[in-house]
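K.L.:
Residue numbers (full-length UniProt numbering), protein chains in the order written: chain L, 1 to 222; chain G, 1 to 247; chain E, 1 to 209.
By construction, these hints were calculated from the structure, which means they are not laboratory data. Among the hints, a few may not be true.
Each computed DSSO-like pair below joins lysine-lysine, with the alpha-carbon atoms no more than 27 Å apart [stated by the list, open to error]: (1) Lys182/E x Lys152/G; (2) Lys10/G x Lys149/E; (3) Lys10/G x Lys152/G; (4) Lys246/G x Lys16/G; (5) Lys147/G x Lys13/E; (6) Lys149/E x Lys182/E; (7) Lys149/E x Lys84/E; (8) Lys18/L x Lys84/E; (9) Lys152/G x Lys149/E; (10) Lys147/G x Lys10/G; (11) Lys13/E x Lys16/G; (12) Lys147/G x Lys84/E.
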Amino acid sequence: MTHPLISLFQRDLALAYKQRAELLQPIMFFLLVITLFPLGIGPGPETLQKVGPGVIWVAALLSSLLGMDRLFREDFQDGSLEQLMLSGASLSWVVLVKVAAHWLSTTLPLLILSPILALFLNLTEAMYVSLIATLLLGTPILSLIGAIAVALTVGLQRGGVLLSLLLLPIFIPLLIFATSAVDAAALSLPYNGQLGIIAALFLLALALSPAATAFALRVSQN
Amino acid sequence: MWKWLHPYAKTEEAYKLSQTLLPWFGISALIALVAGFAWGLLFAPADYQQGDSFRIIYIHVPSALMSMGAYSAMAIAAFIGLVWQIRPAFMTMIAIAPVGAVVTFVALFTGAAWGKPMWGTWWVWDARLTSELILLFLYLGVIALYKSFDDKQQAGKAAGVMAIVGVVNLPIIHFSVEWWNTLHQGATISKFAKPSIATEMLWPLLISLFGMAMYIGYVTLLRLQNEIIRREAHRPWVIALMREDKE
Amino acid sequence: MSLLSGHHLSCSKRDRLLFDDISLAVEPSDVLYIRGPNGAGKTSLIRILVGLSTPDTGSVTYRDNCIRSHYDVFHHHLVYFGHKLGLNTHFSPLENLRHWCKQHQISVRDDHIVSVLDELGLVGLETLPVSSLSAGQQRRVALARLWLKNHADMWVLDEPFTALDVQGIALLKARLVEHTAKGGGVIMTSHQDLALSIPVRELALEYRI
Chain L
1 MTHPLISLFQ
11 RDLALAYKQR
21 AELLQPIMFF
31 LLVITLFPLG
41 IGPGPETLQK
51 VGPGVIWVAA
61 LLSSLLGMDR
71 LFREDFQDGS
81 LEQLMLSGAS
91 LSWVVLVKVA
101 AHWLSTTLPL
111 LILSPILALF
121 LNLTEAMYVS
131 LIATLLLGTP
141 ILSLIGAIAV
151 ALTVGLQRGG
161 VLLSLLLLPI
171 FIPLLIFATS
181 AVDAAALSLP
191 YNGQLGIIAA
201 LFLLALALSP
211 AATAFALRVS
221 QN
Chain G
1 MWKWLHPYAK
11 TEEAYKLSQT
21 LLPWFGISAL
31 IALVAGFAWG
41 LLFAPADYQQ
51 GDSFRIIYIH
61 VPSALMSMGA
71 YSAMAIAAFI
81 GLVWQIRPAF
91 MTMIAIAPVG
101 AVVTFVALFT
111 GAAWGKPMWG
121 TWWVWDARLT
131 SELILLFLYL
141 GVIALYKSFD
151 DKQQAGKAAG
161 VMAIVGVVNL
171 PIIHFSVEWW
181 NTLHQGATIS
191 KFAKPSIATE
201 MLWPLLISLF
211 GMAMYIGYVT
221 LLRLQNEIIR
231 REAHRPWVIA
241 LMREDKE
Chain E
1 MSLLSGHHLS
11 CSKRDRLLFD
21 DISLAVEPSD
31 VLYIRGPNGA
41 GKTSLIRILV
51 GLSTPDTGSV
61 TYRDNCIRSH
71 YDVFHHHLVY
81 FGHKLGLNTH
91 FSPLENLRHW
101 CKQHQISVRD
111 DHIVSVLDEL
121 GLVGLETLPV
131 SSLSAGQQRR
141 VALARLWLKN
151 HADMWVLDEP
161 FTALDVQGIA
171 LLKARLVEHT
181 AKGGGVIMTS
191 HQDLALSIPV
201 RELALEYRI
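So here's chain L without its partners, still in its complex pose (with noise of 0.2 Å):
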């Protein structure tokens, strides 16, 4: 028999192929957004290589929000999340195997995308390289935060705008250093520093994010 947070990956990722059109909308608005910069601050290659790399990522956080919610509001309003937690699994393995099969069904395929975007933005090869690495380490971070932020909102009827004012502000260190990454990449330095400290932030979500997600979902239990 497989174990139990083994199936219910499966079931996570079986239900994103059944919605898989519903997903495909965060990434059409991350291709949109990024389109309408070269149109509103012009077409210049190298205006476009400067702004480049905190385009794709600030297109990537809002992306990232509008799936979010996906992560618990559909469990939790038909009640599959009470089974859940009545399963005698712990909740925050529950916690991280819902993060990841959200991570690789909304974000994994942003990812698959960025080379477009690259193309788009002028962006060097080099930059390119740092772009995938720091959304690599980075988005993990963002379905993992995020994860807290849908816990506590999940029981409320609008929580849309409500996750954005509570995690934008959160993420901005991830953002700082993921872009100032691909800056030095573009200026050919080394930017293992940056990677370092997202690395450390990933741990640290990683380390604090299940728990604290587990003990926000039984808040909005209750």
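Since the structure of chain L is already known, use the hints to place chains G and E on it.
P.N.:
Showing chains G and E alone in chain L's frame:
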């Protein structure tokens, strides 16, 4: 360890405690603020570079420091509430939040007003100001989360979790913004970079700082009492209290 | 030794005290029926008893172990049926129950789930999305858990008879009798009058201001 206490007796106790503390905070806030501001604004020597415009420091620095202090106090209250399930702790937390937000706004406003003669513009993406701005957003997030719940017990817990998440992030935000600032604006000289300050300027500053802390405590206690009365308006002890007041 | 018991439970919602100092115990083969008007806190009490929410004071024990520290043992022997059915509307009844069984560590084959669903009168609906089922049919799917989790000796059911037709009510009552005959305990709330063939104990909650 608190479980044996009846939950409603506890809010009553909290109310009585704040009633006792209130005059102490109020009087020391009044004395310290009047003394500190008068000394700083009227008698302390003018800065040899910035002239009299530097005197805004006596408002700006206390409010900037206290904005962080109030946030920490809020997070500590939230932590106590979450760990020991104490209702008045959540009430204290939410009593601090708007006060802290206003103090943060004062710090931002005075910082901008100070920036005008210094930099020739109201807003510069200075590390300190940016941190304060993000702190304001954190405060507003906690307040917004609290306001979105109908059930205030649940609201307290949710906002408490958010306050603690914020306080874990505060040092990271602070560090990242400082670092970002040196990266992008290495040429700008921070007005706070001078660690040395003349003693005759330091004393009024410390007194204003103390006064600001006491004032925040005073307003928080008042708000806490209001919150308790509002939430427990139908409890016998509140009704008895109101009757006493009328007579 | 009682199966599930609550000791001196109290709960307040929105600063209103719902109930105070309630103690109850369910012995094997016992049916405890919680009655009370709307807003008296029946659902709150039920959610405290299964461990979904925490009481302001008091504790809940399963076989004399506090459920907060031994939640895995307790939840292993519990079936909870709440207002929310716990069915994802994109999945079919079969998929929903298959996932549920895996998460609750019940090893059943698909054909067993199908036969339980057929027994509950859901022939031919096993692989349709739950969203295409009627309210009563959805509740039957959720109630199928009572047939699947055989090692559960504690059932906590919040208004299980709502939206069921006569035949559904009869099926559920028969299953309840079967469960208690095996020594299982049941806690439930209901607006209907229970006409069970087995003795039922009642706990009345009153509406407080």
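K.L.:
Are the hints correct? Go through all of them and say.
P.N.:
Now for the hints, and whether the structure bears them out:
{"no.": "1", "hint": "Lys182/E x Lys152/G", "result": "violated (44 Å)"}
{"no.": "2", "hint": "Lys10/G x Lys149/E", "result": "violated (44 Å)"}
{"no.": "3", "hint": "Lys10/G x Lys152/G", "result": "holds (17 Å)"}
{"no.": "4", "hint": "Lys246/G x Lys16/G", "result": "holds (18 Å)"}
{"no.": "5", "hint": "Lys147/G x Lys13/E", "result": "holds (16 Å)"}
{"no.": "6", "hint": "Lys149/E x Lys182/E", "result": "holds (14 Å)"}
{"no.": "7", "hint": "Lys149/E x Lys84/E", "result": "holds (19 Å)"}
{"no.": "8", "hint": "Lys18/L x Lys84/E", "result": "holds (22 Å)"}
{"no.": "9", "hint": "Lys152/G x Lys149/E", "result": "violated (38 Å)"}
{"no.": "10", "hint": "Lys147/G x Lys10/G", "result": "holds (24 Å)"}
{"no.": "11", "hint": "Lys13/E x Lys16/G", "result": "holds (24 Å)"}
{"no.": "12", "hint": "Lys147/G x Lys84/E", "result": "holds (26 Å)"}
The structure does not agree with the numbered hints 1, 2 and 9 stated previously, though it agrees with the rest.
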